[in-house]
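> Sequence:
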Amino acid sequence: MSQPAVAADLAPRIRAGERRALARAITLVESTRPDHRAAAEALLAELLPDTGRSTRIGITGVPGVGKSTFIEAFGLHVIGRGHKVAVLAIDPTSQRTGGSILGDKTRMEELSRHPDAFIRPSPAGTTLGGVARRTREALLLVEAAGFDVVIVETVGVGQSETAVADMVDLFLLLLPPAGGDELQGIKKGIVELADLIVVNKADGDLVAAARRAVAEYRHALAMLRPASPHWRVPVLSCSAATGAGIPEVWGTVGAYRAALDPSGALGRRRAEQARAWMWSEIRESLLAAFLAEPAVTAALRTLEAEVAAGRATPGAAARTLLERFRSR
Numbered sequence: 001m002s003q004p005a006v007a008a009d010l011a012p013r014i015r016a017g018e019r020r021a022l023a024r025a026i027t028l029v030e031s032t033r034p035d036h037r038a039a040a041e042a043l044l045a046e047l048l049p050d051t052g053r054s055t056r057i058g059i060t061g062v063p064g065v066g067k068s069t070f071i072e073a074f075g076l077h078v079i080g081r082g083h084k085v086a087v088l089a090i091d092p093t094s095q096r097t098g099g100s101i102l103g104d105k106t107r108m109e110e111l112s113r114h115p116d117a118f119i120r121p122s123p124a125g126t127t128l129g130g131v132a133r134r135t136r137e138a139l140l141l142v143e144a145a146g147f148d149v150v151i152v153e154t155v156g157v158g159q160s161e162t163a164v165a166d167m168v169d170l171f172l173l174l175l176p177p178a179g180g181d182e183l184q185g186i187k188k189g190i191v192e193l194a195d196l197i198v199v200n201k202a203d204g205d206l207v208a209a210a211r212r213a214v215a216e217y218r219h220a221l222a223m224l225r226p227a228s229p230h231w232r233v234p235v236l237s238c239s240a241a242t243g244a245g246i247p248e249v250w251g252t253v254g255a256y257r258a259a260l261d262p263s264g265a266l267g268r269r270r271a272e273q274a275r276a277w278m279w280s281e282i283r284e285s286l287l288a289a290f291l292a293e294p295a296v297t298a299a300l301r302t303l304e305a306e307v308a309a310g311r312a313t314p315g316a317a318a319r320t321l322l323e324r325f326r327s328r
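Anchor point for the sequence shown: position 40 equals 40 in full-length UniProt numbering, and the numbering is continuous, going up by one each time.
Please keep in mind that the hints were generated in silico from the structure rather than gathered at the bench.
For clarity, every value in this text was computed on a predicted model and none was experimentally measured.
We put the beta carbon where it would ideally sit given N, CA and C, even for glycine.
Among the hints, erroneous ones may be present.
The following label-pair restraints were derived from C-beta to C-beta distances [unchecked claim]:
1) Gly80 - Gly17: 15 to 23 Å
2) Glu192 - Gly264: 20 to 28 Å
3) Pro115 - Ala276: 30 to 38 Å
4) Glu18 - Trp279: 27 to 35 Å
5) Val307 - Asp50: 46 to 54 Å
Calculated cross-link-like contacts (lysine to aspartate or glutamate; reagent style EDC-like; alpha-carbon spacing at most 16 Å) [claimed, not checked]:
6) Lys84 - Asp116
7) Lys84 - Glu110
8) Lys84 - Glu18
9) Lys84 - Asp148
Model the full assembly from the supplied sequences, consistent with the hints where possible.
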């Protein structure tokens with residue numbers, strides 16, 4: 001099937017909310033085959049007018065904080081408020097075998113069965129930040145399919161979460177009910193990216209610890225300069241297990257949009273994200289072309305060995321390879 005024919009076939013089915021077509025389209029945009037990439041670009045161009053109408057939320061947190069449990073409770077609450085929720089869950093990829101866990105559907109069993117929810121686990125691959133390279137395109141596809149709340153779940157804190165913050169409207173940092181030394185373990189840069197901080201597991205014996213953690217995080221945030229003059233980052237607590245605090249989290253997401261929309265700050269953020277996306281594609285495409293050039297691959301191993309042995313500087317080796325690439 002030709003590229004225009006693929007777009008003509010899938011686009012109306014995606015607009016109609018057909019899940020099989022949506023899943024097939026996401027598989028298409030994740031493919032690295034040149035013919036699939038061309039078909040995916042034609043499809044995205046066809047669907048672009050149907051995108052951009054969702055609330056985009058990025059969620060990250062340290063391992064064990066309960067991201068999947070939180071997302072399920074949060075997603076079910078949001079659906080109960082009349083919305084359709086898509087979850088793009090980025091699973092860790094083994095650097096040794098290339099395999100990924102892809103277990104989020106089993107961890108969000110109730111949400112995955114709901115007719116107004118769509119969960120798509122994708123392997124992180126080698127992309128910096130644990131965010132699949134084509135997550136942005138998958139996000140556009142689920143928007144075109146009518147999902148008006150899109151959640152991007154990252155692998156976890158410590159993998160350069162800038163990647164996901166650059167594709168969402170609101171970046172939510174989920175933290176455990178602990179403070180003191182544990183607070184010091186949370187990287188300042190990740191806290192600075194957050195638009196909303198939520199302390200999870202505020203139930204049972206951990207209620208008091210959660211209250212202390214909220215107070216400590218609020219104190220820590222008071223020392224940071226707000227990223228936007230229109231928004232001061234709130235710190236909330238919740239229990240994904242009991243549902244306590246989940247409505248307040250969703251209410252704060254609405255308050256965030258209400259604060260940024262009138263000023264045009266949200267529109268400017270999305271425009272800057274689109275520009276960043278373009279440059280990301282340029283870098284990825286140039287690197288792919290560079291590594292595919294025979295003149296480069298012929299010398300790459302030798303020059304890598306020279307650099308590793310200290311017989312050549314990295315700069316000189318890089319210049320040699322770039323000269324081979326430019327003179328092809």
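> Each hint: holds or not?
Verification of the hints:
no.	hint	result
1	Gly80 - Gly17: 15 to 23 Å	19 Å, holds
2	Glu192 - Gly264: 20 to 28 Å	22 Å, holds
3	Pro115 - Ala276: 30 to 38 Å	34 Å, holds
4	Glu18 - Trp279: 27 to 35 Å	33 Å, holds
5	Val307 - Asp50: 46 to 54 Å	48 Å, holds
6	Lys84 - Asp116	5 Å, holds
7	Lys84 - Glu110	15 Å, holds
8	Lys84 - Glu18	14 Å, holds
9	Lys84 - Asp148	6 Å, holds
Every hint, counting from the list given before, is met by this structure.
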